Amino acid sequence: MTTSTETQATNQVPPGRPQPTRSRLGRFIRSHPFQIGILAVAAFIWILFFIGSPQTFSAFPIYQSFMSTTPFFAVMALPLTLVIIAKEIDLSFPSVMSFGMLAFSLTLTATGNVAFAFIALLAAGVLAGLINGLLVVRIGIPALVATIGTSFFWRGVVLVVTGGRGSSLVPTTQTFLHPLLVGRLFGKIPMQFVWTLVIAGALWVLLNRTRRGAAVYLVGDNEDSARLMGINVGRTKIMVFVLMGLAAAFAGMLVSLELLYYWPTLGEGYLLTALSSVFLGGTSVFGGTGTIFGTLVASFIIGAINAGIVAAGMAGFWTQLIYGLIIVGSVSIQVILRKRLS
Amino acid sequence: MGENLLEMNDVNKSFGDVAAVHNINFRVGRNEIVGLLGDNGAGKSTLIKLITGYHQPDTGEIFFDDQRIDHLTVAQARALGIETVYQERALAEQQPLWRNIFMGRELTNRYGLMDVKRMKQETDRLMLESMGFTSTAVTADSVIKTFSGGEKQGVAITRALHFKAELIILDEPTMGLSLSETRKLMDFVADIKRQGKSCIFIDHNIFHVYSVADRVVVLDRGTVSGEFYTKDITLDQLMEKMYRVAETGSLD
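Chains as they are written, first to last, in this note's numbering: chain W, 21 to 362; chain H, -13 to 238.
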């Protein structure tokens, strides 16, 4: 008797969740609107460029050029996505690029060993990030103010120590570092592009498949809730600032190795391209939402516009105007979409 | 095994010059529902946050399950089996349901990576069995901010219950709930009792507290001003005492 009622009861329970009426594809589109949106923007721009200059855009060199220059800010836009998801901001990374390279060139001069110099560069990035994190978390300075301060500070350190003079990196071409970081894979694909993909993959795993990554979303969404649920808010914020500093130093290395020269002004010009990649990629300025994929695609859109405009035969003066149009247009669409969806 | 699940002895906590709680002695028995009453600013929230590890006491001792716990973090308290449904619900509104359910203790696989699939499956199961969501529009991926007040409370409660809590703290759980949702909540508290667990129930509504609590503790100006077993006192007597406390600061 009992057995039969039990069987009956289990039969009545629907298997799994009640099946939604939408198809799998429909659900996928609905749950990834911003990723699909940014791909559509990329495709649209590519089609425009292709129409404007079919010869250029049907050959490999233009893509090689994108893969060579976009990584310089893309490797910073990726961890900056985490910073902004956590509802913080970092404006100091252009200066940290240069500070990291200062550590590199001083260590290289002192030891003659590029491996040591590279470790010093990464350590300088971690240090700069840690200081930003501690200023924000322990002292309680808003990140906007703290990182403006450290931005001036690190730039100042670089200028004082170098006296404004740069240094050649030509000797590094004889070491493992140059081909590893900015060489050409199979003689074609810039290594910095490969590193961008590696970093994007690693950060995707961190953000989407680890508890620390989950904490980044939760802290950015509602800090008080996160704290009440036992999430270590301070540690989470410090982690994103450290990753940002580390990536900035690494980006400084990529740029300098590609140019084979370290300019103390290194980093200038990357602030807005990195920030706009993050926002164009669908990360909310209010924290709590954003994706690595969106930022990666958006970086290449930003990177392509400059080269694409010139290749399409327009004057380079158009670049900024078109940046502006695309950023304002895409972000407006995102905001409208977000309102519709909720 | 001591008779009390939770015991606080002479606990003090000040914020600057303000003594939020002073010399509090408070206990929760095993399988006991304790109602906590008191005006705004009586120290209820501080008391709760001391138990959950959010604040640490300045002086005094806290024991949970015969273990001294006055230097806990929230994560450690949750691991011990102290679960709280906060007044503000402590949800992350822009995140999907499954992230809210597993907030702060996401499931991981043997490589230490989050097992997203299993968390979503668990969420789906809980939605059917505990939260009573039957609408097909709500899935484990649904974002919390689209939910009604009662649904959000359901999420917060399910989250507390899912993790085998020994002591469940409900901080003004009926706030903003409809009549039927409130009734569901009271059933839920009765369920805690039936399952052999303990509960601290905080509410402004004296009827709610009286109807579910075994014992009522009255808090006033940061200290315990009295306690009664609900079986020894009528609702009218309790209300009369509460009025007296509000006016004179003393129960008699």
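FYI, nobody ran anything at the bench for these hints, they're computed from the structure.
Because the structure is a prediction, the values reported are computed rather than measured.
Note that the Cβ used here is the ideal one computed from N, Cα and C, for glycine as well.
Be careful, since some hints might not be right.
Stated by the list, open to error - Here are the simulated lysine to any residue pairs, SDA-like style, with alpha carbons at most 20 Å apart:
#1 Lys106/H / Arg232/W
#2 Lys103/H / Arg358/W
#3 Lys208/W / Ser88/W
#4 Lys359/W / Lys106/H
#5 Lys131/H / Phe306/W
#6 Lys106/H / Lys208/W
#7 Lys103/H / Val355/W
#8 Lys131/H / Ser51/W
#9 Lys106/H / Gln73/H
#10 Lys106/H / His52/W
#11 Lys359/W / Pro82/H
#12 Lys106/H / Ala123/H
#13 Lys359/W / Phe133/H
#14 Lys131/H / Val355/W
#15 Lys106/H / Ile353/W
#16 Lys107/W / Glu108/H
#17 Lys103/H / Lys208/W
#18 Lys106/H / Phe306/W
#19 Lys359/W / Thr132/H
#20 Lys103/H / Asn228/W
#21 Lys170/H / Gln73/H
#22 Lys131/H / Ser88/W
#23 Lys103/H / Thr311/W
#24 Lys103/H / Phe149/H
#25 Lys131/H / Ser43/W
#26 Lys103/H / His52/W
#27 Lys106/H / Val225/W
Claimed, not checked - Residues from chain H that keep clear of chain W, each with C-beta distances beyond 10 Å, as calculated:
#28 Asn9
#29 Asp51
#30 Met172
We went through each hint and held it up to the structure:
{"no.": "1", "hint": "Lys106/H / Arg232/W", "verdict": "holds, 18 Å"}
{"no.": "2", "hint": "Lys103/H / Arg358/W", "verdict": "violated, 25 Å"}
{"no.": "3", "hint": "Lys208/W / Ser88/W", "verdict": "holds, 10 Å"}
{"no.": "4", "hint": "Lys359/W / Lys106/H", "verdict": "violated, 25 Å"}
{"no.": "5", "hint": "Lys131/H / Phe306/W", "verdict": "holds, 15 Å"}
{"no.": "6", "hint": "Lys106/H / Lys208/W", "verdict": "violated, 43 Å"}
{"no.": "7", "hint": "Lys103/H / Val355/W", "verdict": "violated, 29 Å"}
{"no.": "8", "hint": "Lys131/H / Ser51/W", "verdict": "holds, 15 Å"}
{"no.": "9", "hint": "Lys106/H / Gln73/H", "verdict": "violated, 26 Å"}
{"no.": "10", "hint": "Lys106/H / His52/W", "verdict": "holds, 17 Å"}
{"no.": "11", "hint": "Lys359/W / Pro82/H", "verdict": "holds, 16 Å"}
{"no.": "12", "hint": "Lys106/H / Ala123/H", "verdict": "holds, 15 Å"}
{"no.": "13", "hint": "Lys359/W / Phe133/H", "verdict": "holds, 15 Å"}
{"no.": "14", "hint": "Lys131/H / Val355/W", "verdict": "holds, 16 Å"}
{"no.": "15", "hint": "Lys106/H / Ile353/W", "verdict": "violated, 30 Å"}
{"no.": "16", "hint": "Lys107/W / Glu108/H", "verdict": "violated, 29 Å"}
{"no.": "17", "hint": "Lys103/H / Lys208/W", "verdict": "violated, 39 Å"}
{"no.": "18", "hint": "Lys106/H / Phe306/W", "verdict": "violated, 26 Å"}
{"no.": "19", "hint": "Lys359/W / Thr132/H", "verdict": "holds, 11 Å"}
{"no.": "20", "hint": "Lys103/H / Asn228/W", "verdict": "holds, 12 Å"}
{"no.": "21", "hint": "Lys170/H / Gln73/H", "verdict": "holds, 17 Å"}
{"no.": "22", "hint": "Lys131/H / Ser88/W", "verdict": "violated, 42 Å"}
{"no.": "23", "hint": "Lys103/H / Thr311/W", "verdict": "holds, 19 Å"}
{"no.": "24", "hint": "Lys103/H / Phe149/H", "verdict": "holds, 18 Å"}
{"no.": "25", "hint": "Lys131/H / Ser43/W", "verdict": "violated, 24 Å"}
{"no.": "26", "hint": "Lys103/H / His52/W", "verdict": "holds, 17 Å"}
{"no.": "27", "hint": "Lys106/H / Val225/W", "verdict": "holds, 18 Å"}
{"no.": "28", "hint": "Asn9", "verdict": "holds, 26 Å"}
{"no.": "29", "hint": "Asp51", "verdict": "holds, 18 Å"}
{"no.": "30", "hint": "Met172", "verdict": "holds, 24 Å"}
The structure does not agree with the numbered hints 2, 4, 6, 7, 9, 15, 16, 17, 18, 22 and 25 stated previously, though it agrees with the rest.
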